[in-house]
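Enquirer: Based on these hints, arrange chain G on the given structure of chain B.
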Amino acid sequence: MQRNWWVYLVVLLVCVINFIPYLWVVLTGFMDQTALNTGRPVWVFSPTLEAFRYLIFEKHIMHNFFNSVVISLSATFFSVTIGMFCAYAIARYDFPGRDDISFWVLTNRMMPPVAILIPVFITFQTLGLLDTLVGMILLYTAMQLPFVVWMLTGYFRDIPRRYEESAMVDGDTWFQAFRKVTLPLMLPSISATAIFVMILSWNEFVFATFLTSTQAKTLPPAILAYSVSADVEWNVLGAAVVLVTAPLILFVLITQRQLISGLSQGVAGR
Amino acid sequence: MTRAESIGVGTAKAEKTPANRRSLLARFGPSNRKVFPWVLMAPTLLILFAMGVYPFLYALFIASQNVVLSKPYLPQIFMGLYQYQLVIQDPEFWHALRLTTIFTLEAVFVEFWLGLGLALLFQRALRFGSVLRIFIMIPMVLPPLVAALIWRYMFYPGTGLVTYYSGLVTDLFGQSAIPFLSDPDIALQVLIFVDIWEWTPFMFLMMSAGLAQLPRQPYEAAEIDGASAWRVFWTITLPLLRPAILIAVVIRTMDAFRIYELITVMTRGGPGNATTTLNVYLTKTGLEFFDASKAAAISLIMMMLIVVMSFIFIRLLRSRTDVAN
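Sequences listed follow chains B and G, in order.
Note that full-length UniProt numbering has the first sequence beginning at 1, numbered continuously upward.
Note that full-length UniProt numbering has the second sequence beginning at 1, numbered continuously upward.
So here's chain B without its partners, still in its complex pose (with noise of 0.2 Å):
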């Protein structure tokens, strides 16, 4: 143990490296205008919520806020719930053509967002589905389908089909075989699935800038919205960074254990 002094020097200097940054945004959003108009950085100041008030009884925020929850976790429930029974087939159907389907899946993560804006944005309009919850679920639903799909299909192949089977030699269906033996086996990988795309979901900005624009709008676009014109007031970005990222911190602090060991199955599949 002694002679680890210098892991930890080095491991603690990438935890403070990593920190540092976001520890000092989120101070900025406490602070007040003395605080800010000192023209250096500030470390030690009385904090306040004059921000913080501000995004959410002037800028209404909530609403933002609102939506991100809403459209998040329904994509997840879709998404994993949609992808998990394709990621099945994959894995377990022997059928003309498996290996360019399981592909074509993922080349539909390869397109560069921008690149289906314009036709998304014209179609979107026609349906009347621009700045709307259920546009933005389907869309979001349809953008992590391919992640789920192949990041279960490794998953499923762990699972011996045997188990299936006896199940159902003992007189379950398909369906009940699948629900008692295959579904708890697959939880763990499941949950790191799902707590991916919630990320994922949560953390999208480039179609949320373009399709939504007061009903449906999400927390990003709201946040850069207060951020980059030129005479930004530091502690609303402070607040605002605050409120997108505190649900996602306090997320991942309690889904870590599922994280890391739903991962490590997946890698060993492959």
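Hints in this document: simulated from the structure, not taken from any laboratory.
Since we're looking at a predicted model, the values are computed, not measured.
Careful, some of the hints might be misleading.
[Said to hold, decoys possible] To spell it out: a stretch of chain B is covered by chain G in this simulated footprint if at least three of its residues, at any positions, have a beta carbon under 8 Å from a beta carbon of chain G; those stretches are: (1) 136-145; (2) 233-243.
[Unchecked claim] Keeping only pairs whose Cα atoms sit at most 20 Å apart, straight-line, the calculated SDA-like set for lysine to any residue is: (3) G:K284 to G:P91; (4) G:K34 to B:G97; (5) G:K34 to B:F85; (6) G:K34 to B:R161; (7) G:K34 to B:D94; (8) G:K34 to B:T173; (9) G:K34 to B:P96; (10) G:K284 to G:M303.
[Said to hold, decoys possible] Sample of chain B residues with no beta-carbon within 10 Å of chain G, all distances over it, derived: (11) E50; (12) R53; (13) L133; (14) R161; (15) Y163; (16) V181.
For each residue, glycine too, the CB sits at the ideal point set by N, CA and C.
Expert: Chain G alone, transformed into the frame defined by chain B:
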């Protein structure tokens, strides 16, 4: 009991249902190994078709026309492959492609080695390991937009944390402050640095997961042989880790190639066009100059590049795992 009965077709329960439902189940149900996988995949394929293939074909159509969103009075005419030719002859395109390649190669290379190094350090039983791991993972968990905003703030002229403290150091040597984001020679490197900051934790996570799965026996054998740590790393760890490495590198390469938020928020492609990567070039063409047709052509060229790259990676992955089995 026949095999068909054992998996739920023609059992007592099913007999109570109307005959047509029974025949439906026989035709599309789990017992039909040819059709059933397609039934399972149908929802996914439908959604991907509506939200992936259809916009793609639409983009393909737009790229063959002459659509300028700000000039709806222009006659829409078929132009064949002319838009693609325009893109390939545009020096801006080659400039953007060069920047994107530099960005991707440099960022992914550094991220990989840093991530692997960190993962190896964490393989030792570190005290407070799980707490430290959380701190290391913070940048990856932040929304890319937030990471970009944070670093815009850090490099803000005058009061930004990095600008201010590096200014103190340069003052000591009688130099003027470094213009991180406004000097065309450094701006791209600063963006690469931020990408490395943001995504090394991802590599770290993937490499940790890979390392946790390595078998013990080769290491025990190496210990008996008295191989050096360096040699063990090159001849055992790295080759065994290959599948995990390839997955992590494919994902990261694809994403670095499409980098968008970071550049939009921090430099908007500037100063001049010093950080105009492909995605920024594409957005400028489509959403600032409203040249929808040229933008569609650019995006299709970009997509082809990414598909070819991933295809090569996936081939590599397959052949390697086949050899291992």
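Enquirer: Which earlier hints can't be squared with this structure?
Expert: Structure breaks no hint.
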